[in-house]
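Protein sequence lines, in the order shown, are assigned to chains A and B. Counting with our numbering, you get residues 350 to 957 for the letters of the first sequence. Counting with our numbering, you get residues 14 to 490 for the letters of the second sequence.
Among the hints, a few may not be true.
For lysine-lysine, the following DSBU-like pairs were computed, each having C-alpha atoms within a straight-line distance of at most 35 Å [what the hints assert, rightly or not]:
#  : chain 1 : residue 1 : chain 2 : residue 2
1  : A       : Lys931    : A       : Lys649
2  : B       : Lys202    : B       : Lys94
3  : A       : Lys564    : B       : Lys366
4  : B       : Lys366    : A       : Lys393
5  : B       : Lys366    : A       : Lys548
6  : A       : Lys573    : A       : Lys833
7  : A       : Lys478    : A       : Lys456
8  : A       : Lys750    : A       : Lys732
9  : A       : Lys478    : A       : Lys564
10 : A       : Lys592    : A       : Lys862
11 : B       : Lys69     : A       : Lys393
12 : A       : Lys455    : A       : Lys478
Source of the hints: derived by calculation from the structure; they are not laboratory data.
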Amino acid sequence: MNGGGLSSRAIVARIITIVIFAILVLRLGYIQLIDDRYAGLSAKNYLREVVIYPPRGEIYDRNGELLAQNRLCYDVAIVRKDMPKEGFDTTMVSELVGMSREAVVKKLEQSPYRRESRLTRYPITVEQKLLLDEMNIGGFYTTQRTVRQYPRKIGGNLLGSINEVTQEKIDKDSTYAVGDYIGMEGLELAYEDVLRGEKGVVLQDIYAPQPDRNKVLSEAVAGKSIVCTIDAGLQQLAEELMKGKVGAVVAIEPSTGEILTMVSSPTFNPDELVIGRERGNNYAREIENPRMPLWNRAVKSRYPPGSTFKVVTGLIGMQEGVLRPHYTYTCEMGYHKDGEHIGCHEHRSPLDMNFAIATSCNAYFCYVFRNILENKRKYEISKDGFEAWREYVLSFGFGRKLESDFLGEGAGYVPTREFYDERYRKSWNALTLLSLSIGQGELGCTPLQMANLAAIVANRGYYYIPHIVRQIEGQDSLDARFYKRQYTNVAPKHFETIVSGMWRGVNKDGNCKGARLEGYDVCGKTGTAQNPKGADHSTFISFAPRNNPKIAIAVYVEHAGFGKDMAVPIASLIEEQYLTGKIARRDLLSYVKHTKIDYPMYTKKKKK
Amino acid sequence: MAYEHRGKSTSLFGSVDKVTLLLYLLLTLVGVLAVFSASWVEGAENVMSFTHNYIKQITFLIVSLIVGVVIMLLERSLWHKIAYYLYGVAILALVATLLFGHTVNGATAWFEFGPIRLQTMELAKIAIALATARLMSEYNFSIKSFKSLAKVAMLLIVPLFITYMQNDTGSGLVLCSFILMLYREGLNKWICIPIIFIAVLFLLSFLYSPMVLLVSLILVFTLSACFANNNWKQGVMYLAALFGGSTLLFLIFNVAQSFSVSYYTILLVSTLLSLIGVSIYAYRERMRSVLIMVALAVASIIITPTSNALFNILKPHQQDRIMTYLGKTDDASLNYNVRQSKIAIGSGGFFGKGYLQGSNIRYGLVPEKHTDFIFCTIGEEFGFFGTMVVLGLMFAFILRLMRMGDRQRETFGRVYCYIVASILLFHTLINVGMTIGLVPVMGIPLPLISYGGSSLLSFSIMIFIALAFDAQTARNI
Numbered sequence: 350m351n352g353g354g355l356s357s358r359a360i361v362a363r364i365i366t367i368v369i370f371a372i373l374v375l376r377l378g379y380i381q382l383i384d385d386r387y388a389g390l391s392a393k394n395y396l397r398e399v400v401i402y403p404p405r406g407e408i409y410d411r412n413g414e415l416l417a418q419n420r421l422c423y424d425v426a427i428v429r430k431d432m433p434k435e436g437f438d439t440t441m442v443s444e445l446v447g448m449s450r451e452a453v454v455k456k457l458e459q460s461p462y463r464r465e466s467r468l469t470r471y472p473i474t475v476e477q478k479l480l481l482d483e484m485n486i487g488g489f490y491t492t493q494r495t496v497r498q499y500p501r502k503i504g505g506n507l508l509g510s511i512n513e514v515t516q517e518k519i520d521k522d523s524t525y526a527v528g529d530y531i532g533m534e535g536l537e538l539a540y541e542d543v544l545r546g547e548k549g550v551v552l553q554d555i556y557a558p559q560p561d562r563n564k565v566l567s568e569a570v571a572g573k574s575i576v577c578t579i580d581a582g583l584q585q586l587a588e589e590l591m592k593g594k595v596g597a598v599v600a601i602e603p604s605t606g607e608i609l610t611m612v613s614s615p616t617f618n619p620d621e622l623v624i625g626r627e628r629g630n631n632y633a634r635e636i637e638n639p640r641m642p643l644w645n646r647a648v649k650s651r652y653p654p655g656s657t658f659k660v661v662t663g664l665i666g667m668q669e670g671v672l673r674p675h676y677t678y679t680c681e682m683g684y685h686k687d688g689e690h691i692g693c694h695e696h697r698s699p700l701d702m703n704f705a706i707a708t709s710c711n712a713y714f715c716y717v718f719r720n721i722l723e724n725k726r727k728y729e730i731s732k733d734g735f736e737a738w739r740e741y742v743l744s745f746g747f748g749r750k751l752e753s754d755f756l757g758e759g760a761g762y763v764p765t766r767e768f769y770d771e772r773y774r775k776s777w778n779a780l781t782l783l784s785l786s787i788g789q790g791e792l793g794c795t796p797l798q799m800a801n802l803a804a805i806v807a808n809r810g811y812y813y814i815p816h817i818v819r820q821i822e823g824q825d826s827l828d829a830r831f832y833k834r835q836y837t838n839v840a841p842k843h844f845e846t847i848v849s850g851m852w853r854g855v856n857k858d859g860n861c862k863g864a865r866l867e868g869y870d871v872c873g874k875t876g877t878a879q880n881p882k883g884a885d886h887s888t889f890i891s892f893a894p895r896n897n898p899k900i901a902i903a904v905y906v907e908h909a910g911f912g913k914d915m916a917v918p919i920a921s922l923i924e925e926q927y928l929t930g931k932i933a934r935r936d937l938l939s940y941v942k943h944t945k946i947d948y949p950m951y952t953k954k955k956k957k
Numbered sequence: 014m015a016y017e018h019r020g021k022s023t024s025l026f027g028s029v030d031k032v033t034l035l036l037y038l039l040l041t042l043v044g045v046l047a048v049f050s051a052s053w054v055e056g057a058e059n060v061m062s063f064t065h066n067y068i069k070q071i072t073f074l075i076v077s078l079i080v081g082v083v084i085m086l087l088e089r090s091l092w093h094k095i096a097y098y099l100y101g102v103a104i105l106a107l108v109a110t111l112l113f114g115h116t117v118n119g120a121t122a123w124f125e126f127g128p129i130r131l132q133t134m135e136l137a138k139i140a141i142a143l144a145t146a147r148l149m150s151e152y153n154f155s156i157k158s159f160k161s162l163a164k165v166a167m168l169l170i171v172p173l174f175i176t177y178m179q180n181d182t183g184s185g186l187v188l189c190s191f192i193l194m195l196y197r198e199g200l201n202k203w204i205c206i207p208i209i210f211i212a213v214l215f216l217l218s219f220l221y222s223p224m225v226l227l228v229s230l231i232l233v234f235t236l237s238a239c240f241a242n243n244n245w246k247q248g249v250m251y252l253a254a255l256f257g258g259s260t261l262l263f264l265i266f267n268v269a270q271s272f273s274v275s276y277y278t279i280l281l282v283s284t285l286l287s288l289i290g291v292s293i294y295a296y297r298e299r300m301r302s303v304l305i306m307v308a309l310a311v312a313s314i315i316i317t318p319t320s321n322a323l324f325n326i327l328k329p330h331q332q333d334r335i336m337t338y339l340g341k342t343d344d345a346s347l348n349y350n351v352r353q354s355k356i357a358i359g360s361g362g363f364f365g366k367g368y369l370q371g372s373n374i375r376y377g378l379v380p381e382k383h384t385d386f387i388f389c390t391i392g393e394e395f396g397f398f399g400t401m402v403v404l405g406l407m408f409a410f411i412l413r414l415m416r417m418g419d420r421q422r423e424t425f426g427r428v429y430c431y432i433v434a435s436i437l438l439f440h441t442l443i444n445v446g447m448t449i450g451l452v453p454v455m456g457i458p459l460p461l462i463s464y465g466g467s468s469l470l471s472f473s474i475m476i477f478i479a480l481a482f483d484a485q486t487a488r489n490i
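Required output: the full structure, derived from the provided sequences and hints.
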């Protein structure tokens, strides 16, 4: 030792100590204070983001009855590292969740660490979840979510269904993730944005899953419920009436454009296509049915409108000035001219327009049609006249989509000048197209468009765009387009004569007297549409009462013969139910319900 | 200055260095708290049961304090007398452990006496420290004599070899820390520096390619020589000649295409040849520092390519640990420990998550959280503040031990105190360093804090002997 001071070696020894501690302090300062990665990594160590699925918005009918609601269910996730190494009963688990034991074991082997792995493809029920909880095996975790339930079991095509979102959709829309549910078809698809709500995210403590400790990153927002325009009772009646028949029924409230009933027959039970083990089989069954229940005829099919279209021909004639209601024409069991022949049934002749509508005279409207097209004062050639006619037809909502809120709406078809130029090598005239006058030929209309025609006549010249939703939770109004009157190119003053013809057809001496309802002034027009596939289609458009109409309806029954045979009673029963609240004609009801139409054309398996 | 308020008290306990004793008590208290936190399970029953680690730790602390009091009552000359015998017993115990010991984590380093398990090397360290101190205080011992140094080396190599055989080299490497004490005792710095330098180079050689290392070595040594002699012109000329010549040779060989030689080989051979010239020049010019540089450079260049061969001497799990440390392994389970440890400490922030609130600790995400990785508990729950307090206490404690050594009047006591300080410094560096990814994972505890009876007891004995030396020195003034 050298006196009181320290040797230089002793000082250096201290300096070395200081340097070593300084290195540790700097490093600790860096990782504890500066490098902020560790807080995140630490959180990842024991926290995980758990998606909270919001309940989907419910769907009510116009009277507040539930059409679609939610059922609680659970996704089961498994984490093998949290499971007991042995000593739990895989057989019991497999029986509980309804999988084969091998499938369960395989699944367990595939999912060692991450919780994303679901044990079952479909969620399990509350009962299954409780049983699983009771078994109390580590490593099984359940996530609450909901699947649909359709308590009325009606309106399959109308309501649509829910399924797991496809990868294609996920790639396009980042709001979706694997395992999310999404609306397919129908209302569920059309109002997906409103119904789905917003998923929430919660930070969950992996090792101590206590709900009160979880930190909510974003709250789940429940989907908004919607009130649709459908009358559940009427929908159910219409579906029952259409049983055994192929076709469609669409009923609209003319004063609002609200769709009261929309049936595509055959229909299916939406409850059978709810996500679950049965969905696959049920879906396959429906898709293999040659009558194509999943095809929504009400908005997609193109049917020839038949005689119901005479209403439009008459209105265009009047607007064009080539027809006055008092004009009379002779019908000699049809219309014959230059080798063209359109037959008609036996009735008084000559006749004016009022009776021509009531009795559905073919010849009368052939005259009107030719006069429209061959109006030399206005059109040089009848092809120009045809184009003018076509414009009128489009203004009635034919040949184009109506822009309703229902996705998958078809446009129907109204042929164009070019179409005929090509078909007839430019050599055609009004005579060639004569069958258009009575709604035959190349015309194709959806039942929705036909019901809309009924509404136009009921309103005397305008319609509201038909829509399926009446009210969305939290929204004061719907899209502005649903509140705007859509006028046709025919002046409202011309409609009253047509209305009176339609009234006469039902209530006096027409061919649809079966639609008569005492005290309700039902107006209607039948149609019997010829088609190349088989028997005529039976169709009927109608509205009632004559003044202040409450309901406009179109019924289309494929291959059911005359309009009055099948379409009239169906429409009439629906109107009776809607207007009087009950059905007095029990025999008719029973007869219609139990009538099955033979469809040889649908027995073949669909070609692939 | 070291004697201000000494000598006033003549009783043994009155002359104990109270600051050191207080630091000791604080560190052990921190240890008990940390062990409690690391072992405590929410809602566990029988909080006071002896099966709990923290109860065991408290028990060991009480035993340590009793042993401490006994040590204080013993004459310091006793330790001098029995130092060699203790060393002999320690070596026998180590060998016995190797043969009959209990294996934990692959290391056969434990002896079981009923319920108590002791790590032999922990206790053997005391004997080795005493024996080394005695050897170095012999009258014929000279720090400058090769023979004397060889004796010290023998004293250390025997237990080091046994721990290697036990698969517990980590504990044995503690003996490397004696270099600090040897330096304090006057060991030639040109022996100290190369040893440290080569150890560092050994680790770096795994990180970088030989080419990078060779170029770095050439630059470092040339520039150091320039700096030492304040002669930059010669250095730059040497570098230009070396690299220019090598490049020229490389081109000649490869253009001729007679046989291909890598640039590395040419540069290596040129450098070694040039060093012959440099050393002759330096010898004539009496440039001692350049000569030393040359020797170091040659050693480094030989070490670099052979480190892989040296590496293979290590046991597989040690190789793994080093590779993990160097980030050269993709094995997630090997990286896991260090990663989790860093996450726990790093997520502590400034004030930590609060006592018993460290999630990574609670959920058992940090391995060995109560023993070797106890520092994670402190880091996560008390944050930077906590780690600074612990490091501060340890720092003060080590400086205090050095101070106690410096005021010893005999070499025996001084060497001994410095050995204790060196061991504590080494343990702190390695243990804290491994938890924050600075050094490879070696299974050595944080002194006085990590859970473990043999560790706490042996450090306590070691420290109380130093305290006794100091107190008795004070009394004898």
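Checklist entry - Regarding the pair Lys202(B) and Lys94(B), is the alpha-carbon distance no greater than 35 Å? => result Roughly 31 Å between the alpha carbons, so the hint for Lys202(B) and Lys94(B) holds.
Next on the checklist: Does Lys478(A) sit within 35 Å of Lys455(A), going by the straight-line distance between their CA atoms?
Outcome noted: holds, 21 Å
Next on the checklist: What's the verdict on Lys750(A) and Lys732(A), does the C-alpha distance respect the 35 Å limit or exceed it?
Outcome noted: Holds, at roughly 25 Å.
Checklist entry - Lys564(A) and Lys366(B): Cα distance at most 35 Å? => result With a Cα-Cα distance of about 16 Å, the restraint between Lys564(A) and Lys366(B) holds, given a limit of 35 Å.
Checklist entry - Keeping to a limit of 35 Å between CA atoms, is the pair of Lys478(A) and Lys564(A) held or broken? => result holds, 24 Å
Checklist entry - Are the Cα atoms of Lys366(B) and Lys548(A) separated by 35 Å or less? => result holds, 31 Å
Next on the checklist: Hint check: Lys478(A) vs Lys456(A), CA-CA at most 35 Å. Holds or violated?
Outcome noted: Holds: Lys478(A) and Lys456(A) sit about 18 Å apart, inside 35 Å.
Checklist entry - Has the given pair, Lys69(B) with Lys393(A), been kept, meaning a C-alpha gap of at most 35 Å? => result holds, 33 Å
Next on the checklist: Does Lys649(A) sit within 35 Å of Lys931(A), going by the straight-line distance between their CA atoms?
Outcome noted: holds, 31 Å
Checklist entry - Between Lys366(B) and Lys393(A), is the straight-line Cα distance small enough, at 35 Å or below? => result holds, 16 Å
Checklist entry - Within 35 Å, alpha carbon to alpha carbon, are Lys573(A) and Lys833(A)? => result Distance of about 25 Å is within 35 Å: holds.
Checklist entry - For the pair supplied as a hint, Lys592(A) and Lys862(A), is the alpha-carbon distance within the 35 Å limit? => result Status holds; Cα separation ~23 Å.
Every hint from the earlier list agrees with this structure, and none is contradicted.
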